[in-house]
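Asker: Now for the letters of each chain:
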Amino acid sequence: MKRFAKFWWDFLVGDDWRVAAGIVVAFGLTALLATTSVPAWWVLPLAVTAVLWLSLRRVAR
Amino acid sequence: MGLTRGWRSALVGAGAATIALAAIVAALGPALTVIPIEVLRLVVGALLLVFGLQWLRKAILRASGWRAIRDEAAVFARERAEAASASHVEHAGLDWYAFTISFKGVLLEGLEVAFIVLTFGSTQGSIPLAALGAGAAVALVVLTGIVVREPLGRVPENTLAFAVGVMLTTFGIFWGAEGAGVDWPGGDASLPGVLAFVLLISLGFVTALRRRKLAVA
Chain A
51 MKRFAKFWWD FLVGDDWRVA AGIVVAFGLT ALLATTSVPA WWVLPLAVTA VLWLSLRRVA
111 R
Chain B
6 MGLTRGWRSA LVGAGAATIA LAAIVAALGP ALTVIPIEVL RLVVGALLLV FGLQWLRKAI
66 LRASGWRAIR DEAAVFARER AEAASASHVE HAGLDWYAFT ISFKGVLLEG LEVAFIVLTF
126 GSTQGSIPLA ALGAGAAVAL VVLTGIVVRE PLGRVPENTL AFAVGVMLTT FGIFWGAEGA
186 GVDWPGGDAS LPGVLAFVLL ISLGFVTALR RRKLAVA
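Those sequence lines, one after another, are chains A and B.
Just so we're aligned: the first sequence equals residues 51 to 111 in the numbering used here.
Just so we're aligned: the second sequence equals residues 6 to 222 in the numbering used here.
One thing to keep in mind: the hints can contain errors.
Taking lysine-lysine pairs in the PhoX-like style, the calculated list, with each CA pair at most 20 Å apart, reads [to be verified]:
{"no.": "1", "chain 1": "B", "residue 1": "Lys218", "chain 2": "B", "residue 2": "Lys109"}
{"no.": "2", "chain 1": "B", "residue 1": "Lys109", "chain 2": "A", "residue 2": "Lys52"}
{"no.": "3", "chain 1": "A", "residue 1": "Lys56", "chain 2": "B", "residue 2": "Lys109"}
Honestly, the hints are just simulated from the structure, not real lab data.
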């Protein structure tokens, strides 16, 4: 059971859980903005840039 | 497995995994077509994005020198030695080690491929076309294996991983945003723009991390 859970964790989350968490938050923000009159298309590209860079920086210290 | 432990058990394991994969695809394929397209795009986009960023992160770290490039020849030699030293247990006339390793390898890697093919196919409304693309890729890999006749040491693995990461991240952003209710400026025409953006930031990160690596060294 533990190995099964680990497989799914590795499959979906990978090495850095913060990336997956950041993406979930970005989707929430996008969905929220999409219900308003403010354009929301820029949120995901910006979030991807930020979470990827922060994740890379943690390794390249 | 075939080279080290014998082809029969390895091929039976790979064949059994292929049948299991076909059953999973046959069950999941029709089920995906009844899910509303917005929900499908949101879920598929989020998953592609998470997968894509995993690939891209590793490829950027390898390309910039912060993570060792995989030495395929060394990995092949190590795994071949491990396989040769594993004990021989026989079940149903098969070398159980060769069978299970081949089964697991084909099933797990195949699941990822099946997921990508099914989701790309269903979100664009053509699973057969996506399956055709996957079939062409399989034929190309088999052909390359026959022509090269050695482990995939000469294949630029990290460049391929980088390209796959960029593509998955691009489609993840595009479909995920659409699923979350976004209207892209210019509709589908904005997809090349997203691709160019992801490619540029990724190359920019490689350059920045290379400089950082040189500064630290």
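Asker: Could you check the structure against the hints above and give me the numbers of any it violates, in ascending order?
Answerer: 1
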